[in-house]
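With the hints as a guide, dock the two chains, each given alone in a separate frame, to form the complex.
Sequences listed follow chains B and S, in order. Just so you know, full-length UniProt numbering puts the end of the first sequence at 398, numbered straight through with nothing missing. Just so you know, full-length UniProt numbering puts the end of the second sequence at 157, numbered straight through with nothing missing.
Hints are computed from structural coordinates only; laboratory data are not their basis. Note that beta-carbon positions come from the ideal geometry of N, C-alpha and C, so glycine has one too. Take the hints with a grain of salt, since some may be wrong.
Stated by the list, open to error - Derived contacts from chain S toward chain B, CB cut-off under 8 Å, selection only:
{"#": "1", "residue": "F7"}
{"#": "2", "residue": "R16"}
{"#": "3", "residue": "G19"}
{"#": "4", "residue": "P26"}
{"#": "5", "residue": "E27"}
{"#": "6", "residue": "Q31"}
{"#": "7", "residue": "E32"}
{"#": "8", "residue": "F34"}
{"#": "9", "residue": "A35"}
{"#": "10", "residue": "H38"}
{"#": "11", "residue": "H96"}
{"#": "12", "residue": "L99"}
{"#": "13", "residue": "L100"}
{"#": "14", "residue": "L114"}
{"#": "15", "residue": "W119"}
{"#": "16", "residue": "L146"}
As the list claims (entries may be wrong) - DMTMM-like mimics (lysine to aspartate or glutamate), calculated; alpha carbons at most 25 Å apart, straight line:
{"#": "17", "chain 1": "B", "residue 1": "K149", "chain 2": "B", "residue 2": "D223"}
{"#": "18", "chain 1": "S", "residue 1": "K139", "chain 2": "B", "residue 2": "E6"}
{"#": "19", "chain 1": "S", "residue 1": "K154", "chain 2": "B", "residue 2": "E15"}
{"#": "20", "chain 1": "B", "residue 1": "K322", "chain 2": "B", "residue 2": "E379"}
What the hints assert, rightly or not - A few chain S residues that don't get close to chain B, going by computed Cβ distances all over 10 Å:
{"#": "21", "residue": "S2"}
{"#": "22", "residue": "R105"}
{"#": "23", "residue": "L122"}
{"#": "24", "residue": "S123"}
{"#": "25", "residue": "E124"}
{"#": "26", "residue": "A135"}
{"#": "27", "residue": "G136"}
{"#": "28", "residue": "K139"}
{"#": "29", "residue": "T140"}
{"#": "30", "residue": "R144"}
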Amino acid sequence: MNHDLEGRLREALDERAQVFEASPQAWPRVQARARRARLRRWTALTLLPALATACVVALVVVMPGGGGPDISASTTKADDPIAELSAENPPVGEILSISRPDFVGVGSTVRIWFSGSTRDHERLCTELRDTPTGGRTAFCQPMDPWKEKQFAWYAGGTDTAMPAPQERLAYGAARPEVAAVTATTDDGQSFPGTLHREGGRPWPIWTVLFPGDAPVTAIVFTDEAGQVLQRLPRTIPWDCDGDRTPVGTGIRLPGGVSAHLHAENCLVFWHRGKQAGTDFGGVAARGEPLSVRMAKQKKPAVIWGGPGQSATGGLWYGYTGKETHKVELRLNDGRQTSAQTVADPWGQGVRFFGGKIPKGGDPNLDGAVYLGYDAAGGELWREVVPGREHPSRPPTPR
Amino acid sequence: MSLTELFAAHYQPMVRLAGLLGADDPEDIAQEAFARLHARRGRLREHGAAVSYVRSTVCNLTRNRLRHLKLVRQRPLDHSGVVFGGEHAVITAEKHGELLAALNRLPRRQREALVLRYWLDLSEQEIADTMGVSAGSVKTHASRGLAALGRSLKEEL
Chain B
1 MNHDLEGRLR EALDERAQVF EASPQAWPRV QARARRARLR RWTALTLLPA
51 LATACVVALV VVMPGGGGPD ISASTTKADD PIAELSAENP PVGEILSISR
101 PDFVGVGSTV RIWFSGSTRD HERLCTELRD TPTGGRTAFC QPMDPWKEKQ
151 FAWYAGGTDT AMPAPQERLA YGAARPEVAA VTATTDDGQS FPGTLHREGG
201 RPWPIWTVLF PGDAPVTAIV FTDEAGQVLQ RLPRTIPWDC DGDRTPVGTG
251 IRLPGGVSAH LHAENCLVFW HRGKQAGTDF GGVAARGEPL SVRMAKQKKP
301 AVIWGGPGQS ATGGLWYGYT GKETHKVELR LNDGRQTSAQ TVADPWGQGV
351 RFFGGKIPKG GDPNLDGAVY LGYDAAGGEL WREVVPGREH PSRPPTPR
Chain S
1 MSLTELFAAH YQPMVRLAGL LGADDPEDIA QEAFARLHAR RGRLREHGAA
51 VSYVRSTVCN LTRNRLRHLK LVRQRPLDHS GVVFGGEHAV ITAEKHGELL
101 AALNRLPRRQ REALVLRYWL DLSEQEIADT MGVSAGSVKT HASRGLAALG
151 RSLKEEL
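Okay, chain S solo, but in the shape it has when bound (with noise of 0.2 Å):
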């Protein structure tokens, strides 16, 4: 597969998975993605290899993002003080605000864990190399998010 249909298969869910793990420009996380992969076309000629690669840096890029640069609290972060911005606007219009808002608020791994696990629909095994950590972290991660989840919308798991 060349690079453009590679691009024209995958640019939007790229897009989708910036923004589902909390880009506030998913646009420009996918961009700077495929960038990175077309710099890299010639070592990733398999197609599997060029996804799995341009999903990791969805989500190491999205990672840097959220973390922005350099120190950004004086003290350990207090949720109840985060301001969601435009992306809060959108999730309390939705169906799901609640539980999408909830996730929102989840550590950033067990967030990751369960998009990559509910949404894309990936293994145990392709999230650890998406994330860049084992397969057991990545259980721990899912299974502790999704237990906050629970915890958050009162629910008896």
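The following block holds chain B by itself, in its conformation from the complex (with noise of 0.2 Å):
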């Protein structure tokens, strides 16, 4: 019976609520949680694509405190929001300005400086000046406790910018202990980086320059008597970044975005002269087709959209199987828009497509649908987005 059928419900939810026990070190997680998030909010969230994928896909970060990059931007150049930035993180220490002509494509000039006190939570930020728009980047990283067995952090670097530079900076913070940084190749390379002590600065900054096609696979940190104390891996594989040249002229997609494979399975899309997305695939899906790399995932489509995630607000773009000749977007509020694909040149095994979003639309909300059609116009896929935040209903303040 329905009653009888409650009561099983009710009595077997109790029981199994019991499994789910909570954490003693819940709170200092919640409030070191709230810190970086309060971090986020302090500028817009609009961080260049390319710098992103920069920051997230370059180097296994490993964060003081575990968290994941954690990163408040701004990038444009109107109104000048990298001085309020600036403004919010006054520096500790010196700033630390870095002026390379040969940093094509991605700035020529990076500054970084500290901000904040182990009280208030120590952060770590960058700004780049991009020379071919005049505009300019600019994060603030947080710093968690360092761990015990850890002695370097890796915050950012321009060794994801593609093509290959002529060459390559990977920068971040080191403990006192560090008396020497390192990038290395596994066939015996090796490039000795810089430790910045100078300036009053809480903690030194490591940077290392490499060139732009070096096939480097780690950094490495060692103390005064060569022992090692940390190596940070590198997981772009490196024949990505080592290749100058995409292969053939790429593919051009509506919305003034397009695609271009270097090496193997090097992806990137570019749109009005920068990059607008990686999919390099880590070093694990070195030499493996596109398609195959998405089979691995279970994903029917990789998919940059929207704003924070495509070149601009405005646009989507991505790859989806060969078997897949339409995309179809709907978003929450009932709009929805297509596009055609087309098969890319490569022998990768998937087709691209890309279009612009209905004004105003955000395919991040929760409630939006990816589908996959086949040629003769049946679905083949369906996929709900997740949502940042429920957007239709936020708890009401009272």
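This is the structure:
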């Protein structure tokens, strides 16, 4: 009977709930999350996509405290929000300024500074000046307390810029015990970096410059005796960044985006002279066609779409399986758009698509749906997009 | 009630709510929900509003986690192929394993409606606020969910 079923369900849920325990460390963790969220809100989250990729993908990020990369950022040349970011994150110690005319496409000057105190949560801030457009990008990353066996922290760099520039930069913070930093390759090459201890900064800043086509696989930190304190492996396949020239001319997609393939399977999107997304797949995906990579991830499509993900908030683009001839996006406000797919010319076994999103639409909001259709118009797959937060009914403040 | 008091009183239930809704890491969900409350504490002074906010956030975050990012399946979901992992392992050992397994197989909104009603004992309007749907939808989801559970258990409703 229904009544009996309801009773059983209550009992079952009560029993099941007992399985889920609460950690005694939960409250400090909540506080740490709240601090990071505060940092994110300081400036608009309009991180340059290429930069985001550079920060997130380039190395195995070993963050103090175990968090993922957590970046507050601003990218624009209007109204100078960079100044605002600097004002809200005043330098502790001197600003480190690195000027390299050969950071083609990603900025000729990099400025790095610490802000905050240990008590008020330290952060490492960066400003990149982009040469092609005159725009600048700045962002701050929170630093949680160092772990016991952690001696260095990777903060970012120009090391996923594609095509490969003449020279790449990686940088971060180090503990005082670190005496040397070196970028190394599997075939024995090494590129010594610099530890910047001067200027009253709370921690040394490490920087490493290495040739754009060098197959660097790790950044190694050693003490005064030459003993390795920490090794940060690089997770992008070096044959991606070692390849200066894309294969063929690329695919031009609606909305001004073009897709280019480097090496065997390193995908880069461009929009108006800037990187607008990369898919390198990681070391494990070396040599695998995009179709294989997609199948392993059980994804019917890989999509950059909407604010914060695509080159501009009004675009969507990506790739899907070779059976999918049309991709449709249904926004949560009822509007929709679709794009025909085109076969890739590189034998990767995928099809590309792209287009504009209806004005003001955000495919990342709860309720948006992507659908894929075959050549005959039959639905092959659909996926509801995970929302950032439920947009329709936030709890009403009382 | 201060945030710390609110946390002390409601953190464990929120972990359990996330778990019952199927989150693979219920603590992560609950911590994120309270961190977001932390950011809004100035605007959610009233205790009931704060609890309602956290509950709603737990549901949303769990929903997002379950969908987990872009594009998981090539074909419409075939529940027979779903691997329940650790959660399933726990379920089979429980007295109500069959019922809980059937609950897990329900569409997301039906599962939410049933958990909120039968575990938290929320009113239809409270469930509607938490899920971001109308009270009428709550009724429908709960009724269909219950019917589906009954069918799964081969009960006569």
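Hint check results:
no.	hint	in the structure
1	F7	holds, 6 Å
2	R16	holds, 4 Å
3	G19	holds, 4 Å
4	P26	holds, 5 Å
5	E27	holds, 6 Å
6	Q31	holds, 5 Å
7	E32	holds, 6 Å
8	F34	holds, 5 Å
9	A35	holds, 4 Å
10	H38	holds, 4 Å
11	H96	holds, 3 Å
12	L99	holds, 5 Å
13	L100	holds, 5 Å
14	L114	holds, 7 Å
15	W119	holds, 4 Å
16	L146	holds, 6 Å
17	B:K149 to B:D223	holds, 13 Å
18	S:K139 to B:E6	holds, 14 Å
19	S:K154 to B:E15	holds, 22 Å
20	B:K322 to B:E379	holds, 14 Å
21	S2	holds, 12 Å
22	R105	holds, 14 Å
23	L122	holds, 13 Å
24	S123	holds, 15 Å
25	E124	holds, 14 Å
26	A135	holds, 12 Å
27	G136	holds, 14 Å
28	K139	holds, 14 Å
29	T140	holds, 16 Å
30	R144	holds, 13 Å
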